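Student: So the sequences go chain by chain: A and B.
The numbering used here applies: residue 1067 is where the first sequence begins, and numbers increase by one.
The numbering used here applies: residue 49 is where the second sequence begins, and numbers increase by one.
Calculated directly from the structure, the hints in this document are not laboratory data.
This one's a predicted model, so the numbers in the text were calculated from it and none came from an experiment.
Every residue, glycine too, gets a C-beta built ideally from N, C-alpha and C.
Treat each hint with caution, since some may be false.
[Said to hold, decoys possible] Pairs of lysine to aspartate or glutamate residues, derived as EDC-like cross-links and limited to a Cα-Cα distance of at most 16 Å, are as follows:
{"#": "1", "chain 1": "B", "residue 1": "K147", "chain 2": "B", "residue 2": "D83"}
{"#": "2", "chain 1": "A", "residue 1": "K1115", "chain 2": "A", "residue 2": "E1162"}
{"#": "3", "chain 1": "B", "residue 1": "K226", "chain 2": "A", "residue 2": "D1173"}
{"#": "4", "chain 1": "A", "residue 1": "K1128", "chain 2": "A", "residue 2": "E1104"}
{"#": "5", "chain 1": "B", "residue 1": "K226", "chain 2": "A", "residue 2": "E1110"}
{"#": "6", "chain 1": "A", "residue 1": "K1115", "chain 2": "A", "residue 2": "D1131"}
[Stated by the list, open to error] Here chain B is said to cover these stretches of chain A; the calculated rule only asks that three of the stretch's residues, wherever they fall, bring their Cβ under 8 Å from a Cβ of chain B:
{"#": "7", "stretch": "1097-1103"}
{"#": "8", "stretch": "1108-1114"}
{"#": "9", "stretch": "1124-1138"}
{"#": "10", "stretch": "1142-1152"}
{"#": "11", "stretch": "1185-1193"}
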Amino acid sequence: MMRRTRLLIAAVVVVAALIYVIIGGIRGAVVYYITPSELLAQAEQAREKTIRVGGRVVPGSKTWDPATQELRFRLTDGSATVAVQYHGAPPGLFTEGQGAIVEGSWDQAGVVRARSIIVKHSEEYAPPTPRP
Amino acid sequence: MRSLSSLVGGAAVILLAAGLYVGLVASPPDAFQGDYVRIMYVHVPSAFVAYLAVGTVFVASILYLWRGREVYDHVAHSAGELAALFTALALAGGMIWGKPVWGTWWTWDARLVTTAILFLIFAGYLLVRELAEDRRRGARLAAVIGIIGALDVPIIHYSVVWFRTLHQPASIVRGDIKMAPPMVTALMINLLAFALLYLYLLLQRVRLERLEAAGAAAGAES
């Protein structure tokens, strides 16, 4: 009987986890992030809401002040660009020219106030090229 | 049967050792992610074997429901356990890679979500078998879950194409390889090693399953 109780508890846990993952997945998974162009196109509706924007970090746009912990950079999809502000150190592999996805809110001034930054990795793998 | 499984097991051990050496030592680090790329040599083969195991469950479950022969159920049950195990390994390896490279263990990305669903389906598959009062009823119900659950595999595989995801798409697609040749070699050796490991574990587990069934039948007679 003990064994059966344990199995039933396990079944409840599995079903609960499945429901949790499906609900979380429906909310976030179909469109994981929007592009800067899409954000600008729906600029008014997106204001003050939580959004996830992804793009390439514009080379030369990154400024990081260790004293105030202010990180600023711009994200582009080639046609549109948005400014991002983040409080905290950039993630380890955060590099200009690489992809990044930020989650945060889109403020009145048109700046994305990021609460988290995720570095997007491409499907390209290669050893480092020797520096000249 | 036994000599075949020893042969497969021996080949798997040799290839796993070779894969470990090539993956950790002989292959180069990645330009962007450095040594973290080596996690791929375990993560991708784990996911590949999870697909193989789910495919086995799918075929064996259909055969079991159609023909009703016990051996198909033995194969399905054994592969079902391996499906849960290797899906868990793929998820764990992915999380270990995701933390340093993406900056997060988990996020609600389509690839991640559909893979977690696959794991939970096969955890449920195993639980249903254990919970059933009547073994045959449990096996039939599990077969239905296994067949429906297997439909998640194409969804996982194409999630990175159908949806806009954080997870990168496949690097090796027919005629288009976005991976340096030494890395492709390391990945291929590990894929083959894991496939042989899967075959070995499956053969052994099916053998055990048959012995258990024979033991249960002998116990019922006496």
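Student: Run every hint past the structure and note whether it holds.
Tutor: Structure-based check of all given hints:
1. B:K147 to B:D83: holds (14 Å)
2. A:K1115 to A:E1162: Not OK: A:K1115 and A:E1162 at ~26 Å, beyond 16 Å, violated.
3. B:K226 to A:D1173: violated (38 Å)
4. A:K1128 to A:E1104: violated (22 Å)
5. B:K226 to A:E1110: Roughly 39 Å separates the two Cα atoms, so the pair is violated.
6. A:K1115 to A:D1131: violated (27 Å)
7. 1097-1103: Since 3 is at least three, the answer is holds.
8. 1108-1114: Our answer is that it is violated, as 0 residues pass the Cβ test (under 8 Å) against chain B, missing three.
9. 1124-1138: violated (count 0)
10. 1142-1152: Contact hint for the stretch 1142-1152 of chain A vs chain B: violated, 0 residues under 8 Å.
11. 1185-1193: holds (count 9)
When held up to the earlier numbered hints, the structure conflicts with 2, 3, 4, 5, 6, 8, 9, 10 and fits the remainder.
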